[in-house]
Each structure stands twice: as structure tokens, then as C-alpha cells.
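Q: Spelled out from the first residue to the last, the chains are:
There are 4 protein chains.
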Amino acid sequence: MASEDSNRVVGVALCGFGRAGQIHFHGIRQNHHARLKYVVDMIGEEGVLERIAGCLAEYHMTHVQPVSKEQFDEIVLKDPEVEAVVVATPTDSHEYYVRRALEAGRGVFCEKPIAGNIRDVSACYDIAEKNGRPLYCAFNRRFDAGMRNVYNQVRAGKIGRVYQIKTCSRDSPLPSLAYLKISNGMFHDCAVHDIDMVCWVVGEQPVKVMAEGSAFDEGIRSIGDVDTVAIILKFPSGVIATIDLNRHSSYGYDQRLEVLGEKGMLRVENVSEDSVSLSANGGVTMKPLLYSFPQRYEAAYRLELDHFITLLRDPTQPSCVTREQTLLATRVADACEVSLKEGRAVDL
Amino acid sequence: MASEDSNRVVGVALCGFGRAGQIHFHGIRQNHHARLKYVVDMIGEEGVLERIAGCLAEYHMTHVQPVSKEQFDEIVLKDPEVEAVVVATPTDSHEYYVRRALEAGRGVFCEKPIAGNIRDVSACYDIAEKNGRPLYCAFNRRFDAGMRNVYNQVRAGKIGRVYQIKTCSRDSPLPSLAYLKISNGMFHDCAVHDIDMVCWVVGEQPVKVMAEGSAFDEGIRSIGDVDTVAIILKFPSGVIATIDLNRHSSYGYDQRLEVLGEKGMLRVENVSEDSVSLSANGGVTMKPLLYSFPQRYEAAYRLELDHFITLLRDPTQPSCVTREQTLLATRVADACEVSLKEGRAVDL
Amino acid sequence: MASEDSNRVVGVALCGFGRAGQIHFHGIRQNHHARLKYVVDMIGEEGVLERIAGCLAEYHMTHVQPVSKEQFDEIVLKDPEVEAVVVATPTDSHEYYVRRALEAGRGVFCEKPIAGNIRDVSACYDIAEKNGRPLYCAFNRRFDAGMRNVYNQVRAGKIGRVYQIKTCSRDSPLPSLAYLKISNGMFHDCAVHDIDMVCWVVGEQPVKVMAEGSAFDEGIRSIGDVDTVAIILKFPSGVIATIDLNRHSSYGYDQRLEVLGEKGMLRVENVSEDSVSLSANGGVTMKPLLYSFPQRYEAAYRLELDHFITLLRDPTQPSCVTREQTLLATRVADACEVSLKEGRAVDL
Amino acid sequence: MASEDSNRVVGVALCGFGRAGQIHFHGIRQNHHARLKYVVDMIGEEGVLERIAGCLAEYHMTHVQPVSKEQFDEIVLKDPEVEAVVVATPTDSHEYYVRRALEAGRGVFCEKPIAGNIRDVSACYDIAEKNGRPLYCAFNRRFDAGMRNVYNQVRAGKIGRVYQIKTCSRDSPLPSLAYLKISNGMFHDCAVHDIDMVCWVVGEQPVKVMAEGSAFDEGIRSIGDVDTVAIILKFPSGVIATIDLNRHSSYGYDQRLEVLGEKGMLRVENVSEDSVSLSANGGVTMKPLLYSFPQRYEAAYRLELDHFITLLRDPTQPSCVTREQTLLATRVADACEVSLKEGRAVDL
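Protein chains in written order, with our numbering: chain A, 1 to 348; chain B, 1 to 348; chain C, 1 to 348; chain D, 1 to 348.
For the record, the hints were derived by calculation from the structure and aren't laboratory data.
Take the hints with a grain of salt, since some may be wrong.
Same chains, same names: a pair is fine if it fits in one copy or spans any two.
[Unchecked claim] Calculated cross-link-like contacts (lysine to aspartate or glutamate; reagent style EDC-like; alpha-carbon spacing at most 16 Å):
#1 158 to 262
#2 208 to 342
#3 263 to 171
#4 263 to 217
#5 208 to 347
Could you build the full structure based on these sequences and the hints that come with them?
A: Structure follows, in C-alpha cells:
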């Protein structure tokens with residue numbers, strides 16, 4: 001990065017001001033090299049504009065302009081100061097914003113999935129590459145301090161040859177049925193993060209997939225989805241990955257990772273709010289786990305936004321999540337769905 | 001148990017004085033309701049008699065008579081004071097001792113497997129039932145304080161409806177190739193314990209099995225076995241079990257269990273020699289895990305021997321490991337082998 | 001706070017841009033109700049202005065004006081937008097800034113000690129009270145999530161009647177001798193935090209003090225200070241407090257608190273950078289503790305700054321550290337010095 | 001030890017069959033080099049003989065003869081097979097048995113205190129030395145795996161020069177007032193163990209003592225004792241020890257040790273019954289600590305008995321608790337009492 005640019009500020013438009021959008025709002029706000037210019041949302045709908053305006057006022061960011069989806073092209077993409085677009089809208093409109101922003105020469109940060117199928121995701125990356133702009137798919141766990149520590153130690157050979165890897169992810173709280181209906185199913189909504197994690201740490205592409213699932217929740221069963229999942233992946237080197245997932249965690253957001261190698265085992269355990277214990281008659285009690293993803297991955301969300309802003313300020317920096325990795329996670333999730341449906345191992 | 005019998009002492013013969021045999025030697029020695037009378041081993045082989053005699057002298061148990069396999073029938077089973085036979089010989093002779101002892105009306109404690117296949121195991125139980133004598137198959141983990149605590153809490157509804165169960169078992173140290181060759185393979189030698197554990201805790205019989213495996217060790221590969229295994233079991237209620245196994249643990253004997261239910265999660269973590277930590281420049285370090293099964297399950301081995309002696313002293317007591325459970329674990333291990341070999345899910 | 005003021009922004013001057021000053025710089029920067037207007041430091045000295053200007057540029061805060069100590073009265077205190085002054089200069093100039101700012105009707109946040117002796121501290125509070133402005137003495141640990149959790153649980157009666165309380169504080173890294181020479185000695189520099197903590201949690205003023213100390217470090221011995229300290233405090237209710245302190249912690253910044261009551265014990269344990277463990281041949285190793293106070297109390301420093309800004313925005317809010325508490329901690333530290341010097345218990 | 005003696009069995013008489021006596025009964029029973037011959041107790045009192053006889057029958061030890069205090073000289077000490085006497089009677093009769101047994105040329109294991117004052121304790125050691133028989137004072141914590149691990153690591157220089165040492169001991173359950181009345185007070189009944197521990201680990205004799213105490217329990221106050229204690233010891237090298245004690249632990253038997261040195265910190269934490277955790281809505285809960293000393297120090301009691309039997313079988317072995325150490329702990333406890341009473345530091 002040329003020194004005259006070292007303090008350059010990147011203009012940003014944020015699409016979507018829901019749960020994920022607000023997380024990224026704070027990431028942008030706290031990054032002193034980014035300047036939020038627009039928030040794009042359904043501002044015609046009741047209460048939406050008020051909610052956005054209230055939040056902007058609270059943070060003294062009245063220079064930010066709330067705009068509607070319809071104004072995205074004419075206002076946001078016409079503004080030469082907007083270099084970056086962060087897409088955190090409902091899943092089915094991701095591709096809409098991604099394509100438009102990329103075609104207009106902007107860098108894009110997009111919550112997964114970038115599009116509804118592998119071909120469309122691939123097409124988005126084609127545009128990004130043609131225009132030389134970054135397209136970053138938000139695998140936030142890559143930026144978790146513990147996960148990254150394990151990745152770094154594995155890569156540095158700390159545990160020698162890898163034999164096994166395991167992740168465990170359990171949701172807290174149970175999402176609404178409305179959300180689950182449009183979530184693309186448990187493999188694409190949840191497992192894709194775990195699949196990305198194991199492929200990233202192992203550094204290979206799996207060759208075989210087996211998945212099993214159950215639905216204990218009636219609502220989830222009624223929409224043909226599952227809430228309890230186990231997956232086995234086999235990698236070319238012989239490494240075997242086990243992933244288990246659940247929608248029901250009454251005790252907080254459970255997210256663990258474990259890697260076994262010839263020289264030892266690395267584990268990422270869960271995180272609590274503080275380090276207080278109460279020793280009493282009934283036992284020794286620690287605080288519950290952090291409640292949900294905004295708490296557990298607060299720092300990770302901020303760091304991945306920082307990473308994205310860095311990609312824009314310094315085009316020589318490589319993205320930490322590549323096109324190949326994004327496509328791989330989706331392809332493996334597809335294979336898991338087939339395995340569950342057909343009750344067989346699926347070769348990749 | 002009639003009160004006049006409350007201090008009755010049970011005469012015991014121990015077959016096999018190898019690794020497992022010596023563990024049970026101490027269990028018998030420490031049970032004040034048991035009296036060891038014979039140790040049966042290859043006393044004709046060089047050094048065997050000396051080893052046994054030395055140990056008996058060390059513990060001032062010179063009343064115990066070492067006898068050869070050939071003398072089992074004529075001396076041991078002719079002695080009316082011998083009520084119980086503990087079988088801890090090499091795997092391929094288990095059935096020999098079990099059948100003879102049961103037919104002679106003795107109670108039998110046998111290291112798994114009782115015999116080489118399900119039909120023969122079943123036949124042994126037939127004899128035991130006909131003669132009204134206990135045949136106990138040694139699933140020692142049932143008596144581990146932590147595992148049993150979890151079992152009890154699950155049964156008491158502490159976590160409500162069960163969704164998932166996981167075990168992880170990793171061997172330390174790597175057994176010799178000589179042992180592995182006659183071990184019946186990783187599923188029957190190792191996984192069978194984990195399978196028993198999950199079926200016991202869940203209280204159901206699985207309906208579907210998937211298994212995957214790799215061999216990182218060349219010796220293990222050369223004998224057609226695996227050292228790295230992952231198994232998924234599905235139960236009728238929808239519960240999904242995940243088992244992962246490894247022959248290579250450089251950090252001690254790793255044995256964990258975890259159950260997820262609607263109200264929470266129960267975990268059995270590993271156990272260290274003491275509770276000392278060293279905080280230093282490089283981090284906070286606890287002692288390694290206990291080294292291997294004799295250390296990890298020392299109390300469990302003693303308690304299962306106590307349980308067996310209780311079965312003989314009080315015939316109204318039910319065995320904690322039933323015929324059905326013993327057969328089930330073997331049947332599921334068989335299905336795992338098929339799944340790995342044929343690369344498919346196997347229905348049970 | 002009147003609703004029309006709910007988004008009112010408080011203008012702030014920061015005095016001192018050293019270690020503590022920079023911590024508060026970020027606290028002010030991240031508080032969206034505060035606006036930094038001046039940084040006061042020895043800008044005539046070599047490199048000082050450059051350092052401040054570089055940091056302001058990095059954060060795009062070029063509206064902030066660096067001024068010299070001499071300009072504090074004429075520029076800073078003449079600016080009606082400056083409502084609050086944060087004092088983080090070397091200890092011996094604290095009183096200078098505090099008095100001037102209070103006399104000019106500003107609210108003051110001051111690193112401890114506010115002045116060199118109890119009478120002068122008291123005089124500062126007199127001015128603050130006369131002018132109706134907050135004078136906040138920075139006992140940052142009050143805002144640590146763990147410490148506050150324990151305070152709240154004790155106050156809520158969670159452990160019933162309190163019997164004992166203990167703190168342990170160990171410095172990492174060892175401060176320079178230059179710093180130690182002007183630090184006012186271990187009791188006023190370190191113990192004062194622990195004294196405040198135990199008095200705050202117990203909610204009483206101690207009646208008796210005993211202290212013992214050693215100097216293992218030659219430099220520390222040469223300046224007549226100690227590096228290893230133990231203190232016992234007795235409270236009117238019978239509660240006994242034990243404080244132990246050390247300047248030498250090779251393993252990170254060690255800060256613990258423990259309270260015993262009739263119904264149980266509450267403990268705040270140390271905090272690590274992440275939750276990763278490595279299980280290997282030599283044991284199970286966690287990351288070291290956080291290195292020093294900027295890491296350990298990062299959130300606490302931010303929260304106490306937030307608290308101070310709230311005091312200015314809403315004058316009805318009580319300060320979380322009162323005049324009495326500030327004076328008490330100093331008085332007890334004085335008594336500890338006497339106890340150590342004269343080898344006797346000191347009554348308060 | 002001459003090889004012909006390597007399996008020699010030591011005849012033992014156990015004096016006292018109360019709480020401590022029964023712990024040692026099991027230690028003797030489980031040591032295969034010891035043979036219990038007599039149990040000495042108030043067998044004339046109602047129920048005592050039945051209780052002893054019942055326990056002996058339960059363990060098939062009908063060869064053991066219960067005798068009364070009056071028969072100690074004429075029966076027990078006349079029996080040439082009795083080489084060792086274990087004294088676990090009420091405190092005020094310790095010296096009676098110790099002197100008689102030593103004078104009769106027996107080795108003695110005695111619960112602390114050996115006698116009511118330092119001169120009498122010293123006189124007992126004189127007899128033991130004259131007769132060349134071991135007199136072992138039962139500081140059981142020396143044999144705790146964790147405490148010994150810390151001792152060994154400190155001695156091996158693992159943490160370099162020692163700066164500080166701390167112990168914390170809290171009783172569970174609160175002893176009866178009847179016991180407390182004859183317990184010699186908290187310093188001699190409890191603190192003496194902690195004092196021994198810190199002197200043993202530091203390897204020095206303290207030069208100064210300060211103690212503070214409170215009585216929250218009315219009964220304890222009424223007998224002039226305390227239930228809450230803090231002690232500071234200063235050693236010649238500058239090491240400072242802090243000991244805190246409490247009679248009231250609602251959460252199990254709390255026993256901790258911590259040593260700070262230039263290279264790091266060693267800690268012995270408490271021990272739970274198993275390694276099970278329950279993660280639920282209200283937090284993550286581990287089992288309570290072990291309930292009381294018989295559970296916490298079960299292995300330590302057995303190992304110290306084994307140590308004593310070894311001293312008898314191999315006279316070249318040094319006792320792990322020396323005369324000097326026994327006298328030192330008592331002398332320091334005396335000084336603590338003076339310090340508390342007179343509110344001053346006491347030089348030793």
C-alpha cells in the first residue's frame with residue numbers, strides 16, 4: 001500500500017439492517033478506515049426507516065443515508081465514494097446485490113451463500129475476477145482467535161501429521177420456523193461453516209461424505225428439514241473428519257473444534273462471559289456459555305470486516321476465503337444432503 | 001442373601017496372568033469376599049511359573065496354586081470350593097474356558113469377546129442360563145464413576161429427551177503388531193466398548209450404521225486393519241450417536257463421553273494423575289492424562305470384579321451386562337465392518 | 001436525563017498520552033457520546049508531538065488539538081465545549097490538573113492517586129462537591145466483568161454471610177526502576193487496588209491491618225521498596241481479608257479474587273487469550289494468561305470511561321467510586337506501610 | 001533390606017477405632033506387608049466391642065483380637081510379633097500409647113499431636129532415638145499426590161527461586177463442639193498441617209509470624225476458639241507464606257496449595273469425585289469437591305501407612321517427617337496463638 005494511501009478511508013454501503021446487518025454496522029463503525037455512507041433496506045416497510053434512523057442518531061452518524069432496494073443502483077452505485085458493499089440481506093436477495101455491486105466495480109463482502117447454487121456463485125466470482133475486485137464470502141469462524149490459533153498450530157506442524165478432525169456446532173436459540181423455511185436447510189445453513197472449517201484446517205478436499213440426520217422438532221420435521229446431524233468426511237490423505245450439529249442447545253452457543261495428530265491434540269473449547277465460579281453445596285458452577293453467535297463471534301465478525309476493508313485498501317493482499325474454498329463448502333453440503341436422502345456414502 | 005451367608009467367601013480361579021489377568025488378580029485380592037485359589041496359565045513355558053510364583057509370594061498368597069491349562073478340568077473344576085472362574089486368557093481361548101467352567105456349574109467373568117462369533121457367544125449364554133450361573137462379559141467402562149454418573153443422570157431425566165451421544169476413545173500406547181494381529185480388528189477390539197456405552201446410555205438398539213476408517217500406521221495397514229475410525233449410529237427414537245476411535249494417542253489414554261438432551265449436555269472428560277498446574281512463560285500446563293487403561297479404569301476394573309462376586313454371593317442380583325447387550329455390541333461391530341468394507345450404510 | 005439531551009456529546013480533554021493516557025484515548029474514541037478535543041502533553045519534548053499527531057491521523061481524528069501543559073489553562077479550560085478532563089499524566093502532576101479542571105467547573109476522571117496525601121485528595125473532593133462536578137478516581141477493576149459479577153452476587157446474598165475474602169495481584173512485566181522510583185511504593189501503587197476491591201465487596205471499613213514484605217529484586221531493595229507483600233485486614237463484622245502481591249509474574253498478569261461465605265465460595269480466575277488447549281506428551285497446555293493490565297482490563301478501562309461520561313451526561317447518576325472509598329483505600333495503604341515498617345498490627 | 005526379608009510381614013496393633021482409627025484400619029488391611037493383630041479401644045463401653053467385631057468379621061479378619069486400654073501393656077506389648085503400634089486414639093491419650101510402645105521397643109505411627117507440649121513431644125523422640133525405632137507423626141498431606149508433585153517440582157528448581165507460598169484449608173463438615181473443645185484450638189488442630197506444608201516445601205524455618213482470627217460460629221466463640229484464620233509467615237530467605245483457614249465450607253473439603261517462584265507458579269487445586277460436567281441453562285456445573293478428609297486424602301492416608309511399614313521393614317530408610325519438622329510445626333502454631341492473642345508479630 002503506497003504510503004500516501006495509508007490513511008485512506010473506504011466508503012461503504014451496508015445492504016440489510018437485520019440481525020447480521022447490525023453486527024456489520026458495528027464492524028464498519030468501529031473500523032476507522034471505513035466510512036459508512038448508505039444503509040439499504042426495505043425502508044418503505046413500517047418501522048424500518050425509524051429503526052435505522054434511531055440507530056444512526058444513537059451513534060451520531062446522521063451523515064449516513066438510508067435508501068431503499070430500488071435506490072441501490074441509482075444512488076448507491078452512482079456514488080463514486082462507495083468502494084465497498086456489505087451484503088447482509090435475506091438469503092434470496094444476496095445474488096442480486098452481489099452481481100450489481102461487482103458489475104459496478106465495487107468490492108463485495110457477502111454473508112453466505114453468495115447465490116442459490118454453485119454455478120451462480122461461480123459466475124459472481126467470474127465478475128469479481130474480471131473487474132479485479134474482491135468478493136469475500138463471510139466464513140466468520142476463520143477469524144475466531146481460538147480457531148485460527150488451531151489452524152496456525154496445525155500448519156506449523158505442532159501436532160505433526162493430522163489423523164482426525166472434529167467440529168461440534170449447536171444453535172442457541174432455536175431459530176424461528178419462518179427463518180428455517182428460507183434457510184436452505186441445515187446442511188447449507190449450518191454445516192457449511194463446519195465443512196469450511198475442517199477443509200481449511202486439513203488443507204485438502206474431501207473425497208467421500210456420509211451424513212445422517214433426525215428431526216426432533218415437529219416444526220422442523222414438517223418442513224422436511226433436520227435438527228440433529230452427524231457427518232463423516234474422508235480426505236485423500238486418510239484424515240477423517242466428524243461433524244455433529246444440533247439446532248437445540250439449551251445451554252448457550254456451543255462451538256468446538258478438535259484436531260488429532262501424531263504428536264498431540266488441539267482443542268478449541270467454548271467461551272464463557274467471565275471466569276467466575278461458584279462453589280456451593282450442589283457443585284462448582286461456571287457461567288453459561290455465551291448465548292449466541294453475536295456474542296461468541298463478536299471479535300471474529302469485527303476482524304473479518306477489518307480483513308475485507310484491508311483487501312480494498314491494499315489490493316495486493318489475498319483474501320482469506322478463496323473462490324475455491326467457498327465453492328468447496330457448498331459442494332460438500334450438497335453431497336451431505338444426497339447422502340442423508342439416499343442413505344449412502346457419496347463420492348466427491 | 002441370607003444373613004448367615006453375608007460374609008460368605010467365594011473361591012475363585014483366574015485363567016490368564018497377562019496384562020488383563022494381573023489387573024483382575026488385584027481385583028480378586030482386594031475383594032474380601034473372594035479368595036483366589038488357582039491361577040491357570042502356560043506354566044510349562046519359560047518364566048511363566050516364576051512370574052506367577054513371584055507375584056503370589058509378594059502378596060503372601062502362597063496358598064494359591066498355579067496350574068496349567070491341561071489341569072483346568074481335573075484340578076480346578078474338580079475343586080468344590082471354586083465357585084467362580086475369571087477368564088483373561090488370549091482371545092482365542094476364551095470360549096474354551098467359558099464353556100468348561102459353565103458346564104461345570106461355575107459362574108464366569110470373561111473378558112470380551114466371550115467367543116469368536118455371535119452364535120458361539122449365544123451358546124455360552126444358553127449353558128449359563130440352563131445352569132443358573134452368571135456369565136458376565138467385562139465391559140469395564142460401565143463401572144467408571146464418570147460414565148455411570150452420566151448414565152444415571154440421563155436415566156433420571158436430568159437432560160430430558162436425548163438427541164445425540166458421542167464417545168471418543170484413543171489408545172495409549174499403540175499395541176504391538178503381534179497383539180493387533182489377533183485382536184479381531186479395531187471394531188471388535190475397541191469400538192465394541194464404545195458401542196456398548198452408547199447403546200447402554202441411550203437404552204435402545206441402533207437401526208442403521210455407517211463407518212469410515214483409515215490406516216496411517218504401515219504395520220496396521222499391512223494386516224488389513226485400520227487405526228482411525230468414525231462411526232455413526234442411528235437409533236429408532238432418532239438419537240444419533242457418533243463414535244470416533246484412534247490407535248494413536250501421544251498424550252495418554254483419551255476416553256470421553258458426551259450426551260446432548262433437550263435440557264442440557266452431560267460430558268465425561270479425561271482424568272489426570274493429580275490437580276497440579278504449572279503457570280509459566282509458555283502457558284498453563286496440567287499433567288498428562290492417565291497413561292493407559294490400567295490407570296484410567298483402575299477403580300472400574302475393581303468395581304466390576306466386585307459386581308461379579310456379588311452376583312455369586314446373591315443370585316437374586318441381576319447382572320449389569322446382559323446377554324442381549326453383549327450380543328448387541330458384537331452385532332453392531334460386525335455391521336461397522338461391513339459398512340467400512342462396502343462403503344455404505346448398513347441396516348440392522 | 002432530559003430526552004432532548006439523550007444524544008448529547010461530551011467534549012473531553014485528555015491530559016497525558018503515555019501508557020495509561022493511550023488506553024483512555026481509545027476509551028474516549030470508542031464512546032460515541034464523547035468527543036476528544038485536546039490532548040495535553042509535553043509537546044515541547046522531542047518526539048512527543050509527532051507521536052500524538054501520528055496516532056490522531058491514524059484514527060482520522062485530526063480535529064483534536066495537541067497542546068502543552070502551559071496551554072492547559074488558556075486554551076483547554078477556556079473552551080466551553082470541554083466538559084470533562086481525563087488525567088493520566090505522571091503521578092506527581094495529577095493534583096495540578098485535577099484542581100485546575102475542577103475549579104474551572106469541569107468533571108474530572110483521574111488515575112489514582114488524585115494527590116500525594118489524604119488531605120490534598122480530600123481538598124480536591126471539596127472543590128468537586130462545591131462545584132457540583134464529578135471527580136472520579138480510576139479504580140478500573142470495579143468494571144471488570146468477573147469482579148463485578150462477584151460483587152453483585154455477594155450483595156445479592158448468594159453466598160450468605162461473608163467470612164473471608166482474598167485477592168492476589170501479580171505484576172507482569174516488572175516495571176522499570178525509573179517508574180518504581182516515582183510509584184509511591186508497592187502499597188500505594190499496587191495494594192491500593194486490592195484494598196479498594198476487598199472494602200468494596202465487603203462493604204465495610206477495616207479496623208486492623210497487618211502487612212509483611214520482602215524485596216527479592218536488588219534494584220527494588222536499593223530504593224527501599226518491596227516486591228513481595230502479604231496483608232491481612234480485619235473488618236468490624238469479623239470478616240478477614242488476605243491480600244498477596246508480587247512484582248514478579250513470569251506467566252502473565254495474575255489477578256484473582258475469592259470470597260467465602262456461609263453458603264459457598266465465589267472465585268474470579270484469570271483469563272487467557274483463547275480457549276485452545278494442546279494435549280501432548282508433556283501434559284495439557286493452555287495459553288498463558290493475558291500479558292499485562294492493558295489486555296486484562298481492556299473492557300474494564302472502556303467501561304469505566306463510559307461510566308464517567310455517563311456521570312457528565314446525567315448528573316443524577318451516582319459515581320461508582322465515592323470520595324469515602326477513595327480516601328479509605330489510601331488510608332489503609334498508609335497503615336500497611338506503617339505495619340511493615342514497625343513490624344506490628346496497626347489499628348485504623 | 002536383606003533379600004531374605006523382602007517379604008517379611010510386620011505385626012501391627014491399632015490403638016483407637018474411631019474416625020481416624022478406621023481409616024488406618026483399612027491402610028493396614030490393604031498393606032500386604034502388614035498384619036493387624038490387635039485393636040485397642042474402650043471395649044468395655046457399650047457397643048464398642050460389637051462395632052469392632054462386626055468390622056473384623058466383614059473383612060474376614062477374625063484373627064485380630066480386640067483388647068482394652070488396660071490390656072495394652074500386658075497383652076499387646078508382650079506379643080513379640082507386634083512390631084508396630086498405630087495411635088489414633090483421642091488426642092489426650094496419644095502420649096500414653098506412644099511412650100509405652102516406644103519404651104517397649106516398638107515403632108510408632110501417631111496422629112498429631114504426639115503429646116500436649118513441645119517438651120513432651122521431644123521426650124518421646126528421645127526414647128525413639130535411644131531405642132532406634134521410628135516415631136512417625138502423621139502429616140498425611142505430605143503423601144497427597146498433588147502436594148508431593150509440587151514439593152518435588154520446587155525442589156527440582158522447576159520454578160526457580162521461591163518468592164511466595166500459600167495454602168488454603170477449609171473444613172467440611174463443621175466438627176462437633178464436643179470435638180472442638182478437646183481439639184487444642186484451630187492453630188494446633190488445623191493450621192499445624194498448613195504450617196508443616198509450607199515449611200516442608202520452602203525448606204526453611206520461619207522467623208516471624210502474624211495471625212488474625214474471628215469466630216462467626218457462636219459455639220466456637222463460646223469456647224474461646226476461632227473459625228476463620230489468616231496467618232503470615234516470613235522465612236529467612238525472604239519467602240512470605242500466607243495461610244488461610246476456615247471451619248465453614250459448605251461446598252466440600254477445600255485444600256489448596258500455591259507456590260510462586262521466579263520462573264512460574266505451581267498450584268494444587270481441589271479434586272472432584274469424577275470429571276462429569278452438566279451444561280445447562282444456569283451454567284456449567286461440575287460435581288462438588290470431595291466431602292471431607294477421608295475422601296480427599298484416601299490415597300494419602302494409605303501411602304503414609306505404607307511409608308511407616310517400610311520404615312519398619314527397612315531401618316535404613318529415613319522417615320519422611322522428621323523430629324525437627326514435627327517440633328517446628330508445633331512451635332509455629334504456638335507463636336500464631338500468641339500473635340492472635342496479643343495482636344502483634346511474633347519473632348521465632
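Q: Checking each numbered hint in turn, tell me which of them this model violates, lowest number first.
A: none
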